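**Q** Sequence:
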Amino acid sequence: MKNFSLLSARAGALFFSPAAALVGAFVIVPFFWVIFVSFTNRTLLGKTALNPEFVGFDNYIALFNMSTFFTRGQFGFSLILTIQFVLLSALVGQALLGMVLAWLLQSTPKYVKVFSESAVIVAWILPEVVIGFAWFAFLDYDNGTLNMLVTSLGLEPGDWLLENPFWVIVFFNTWRGAAFSMMLFNSAFSSIPPSYFQAADVAGATSFQKFKDIALPLIKGHVVTDLILITMWTFNVFTPFLLTNGGPSYRTELLSIYTYRVAFKDFEFGKGAAVGVVIMLINLAFALVYLRIAKQKNKGTA
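Residue numbers (the UniProt record's numbering): 1 to 302.
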């Protein structure tokens, strides 16, 4: 029996080793390589491309230089812009809209529910490039669908990507990401025993009361999971680059776009790696906060 257990352990390790090798090669090694590069002045061109010098915390000090921190095109401006983007498009937009849509679908006929889910999920499964150019065509000033609709109502057309670029990417990301939240919460609501809602109906509870007192407390774990995932995805999303290229005048240069510009346009790999490390730490902080909140709520209900 002991030999069989040893054989099973060896077989498990053998099957696990290819996945472990891939994770090590494409996740762990790049992770530590980025941290190392962030302490150097490595660039794409010049002598520091082959022989970078160790500069310590110079790249981090440059990022948090308060004299330029809030200037457009600098790290601080992109950080604040990204935080606003996450709050509006992920927490308020995707999570809230996805939850509301999922709750409304619970009381609709089955064919309406299936059609709505199919229509919404298209925004999630289509490639980002396709979605980006579709929205670009939708918002085009001269021949865009939105301006055609606005003009047909007797209103003045707008140059949306130039006049309101930030709100464009907020609505764009909300529209695209709400599908995931809707499907997750739809599954969560469907897992609640129908008898709970039937008893509430007998007691004369309204739809909002059933949502607040029955559904929401039972799906807290799903809410935390959704918030963790969409926060991290939104914080690192690059798709708005297809609409605005980070402009005009850096007004939509999120951290992901700022990192791309610094590392692959300005060729400052060391500084770009420092931004990447800061982003990883922020993502880790988000995850720890959400997990701590979930743990406290679980203790409170235990």
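Derived from the structure by calculation, the hints contain no laboratory data. A hint or two may mislead.
Claimed, not checked - Lysine-lysine pairs mimicking DSS-like chemistry, simulated, CA-CA at most 30 Å apart: (1) Lys265 with Lys212; (2) Lys113 with Lys47; (3) Lys113 with Lys212; (4) Lys47 with Lys110; (5) Lys110 with Lys220.
Stated by the list, open to error - For each label pair, taking beta carbons as the anchor points, the in silico distance ranges come out as: (6) Leu291 with Arg10: 51 to 57 Å; (7) Asn51 with Pro217: 28 to 34 Å; (8) Ile61 with Arg10: 30 to 36 Å; (9) Ile293 with Phe133: 54 to 60 Å; (10) Asn283 with Phe115: 16 to 22 Å; (11) Asp201 with Leu96: 47 to 53 Å; (12) Val112 with Ala287: 35 to 41 Å; (13) Phe166 with Phe286: 18 to 24 Å.
In this text the structure is predicted, and so the values were computed from the model without any measurement. Just so you know, even glycine gets a beta-carbon here, dropped at the ideal spot from N, CA and C.
**Q** The structure should be examined with respect to each hint, and the outcome stated for every one.
**A** The hints, checked one at a time:
1. Lys265 with Lys212: 49 Å, violated
2. Lys113 with Lys47: It is violated: about 61 Å lies between the C-alpha atoms, which goes past 30 Å.
3. Lys113 with Lys212: 22 Å, holds
4. Lys47 with Lys110: The hint is violated at about 65 Å.
5. Lys110 with Lys220: 26 Å, holds
6. Leu291 with Arg10: 51 to 57 Å: 34 Å, violated
7. Asn51 with Pro217: 28 to 34 Å: Violated, since asparagine 51 and proline 217 (Cβ atoms, about 60 Å apart) do not stay within the stated range.
8. Ile61 with Arg10: 30 to 36 Å: Cβ of isoleucine 61 to Cβ of arginine 10: about 50 Å, so the range 30 to 36 Å is violated.
9. Ile293 with Phe133: 54 to 60 Å: 38 Å, violated
10. Asn283 with Phe115: 16 to 22 Å: Since asparagine 283 and phenylalanine 115 have Cβ atoms about 36 Å apart, the given range 16 to 22 Å is violated.
11. Asp201 with Leu96: 47 to 53 Å: Violated, at about 25 Å.
12. Val112 with Ala287: 35 to 41 Å: 36 Å, holds
13. Phe166 with Phe286: 18 to 24 Å: For phenylalanine 166 and phenylalanine 286 the Cβ distance comes to about 21 Å; the hint holds.
Going down the numbered hints, you'll see the structure goes against 1, 2, 4, 6, 7, 8, 9, 10 and 11, while the others check out.
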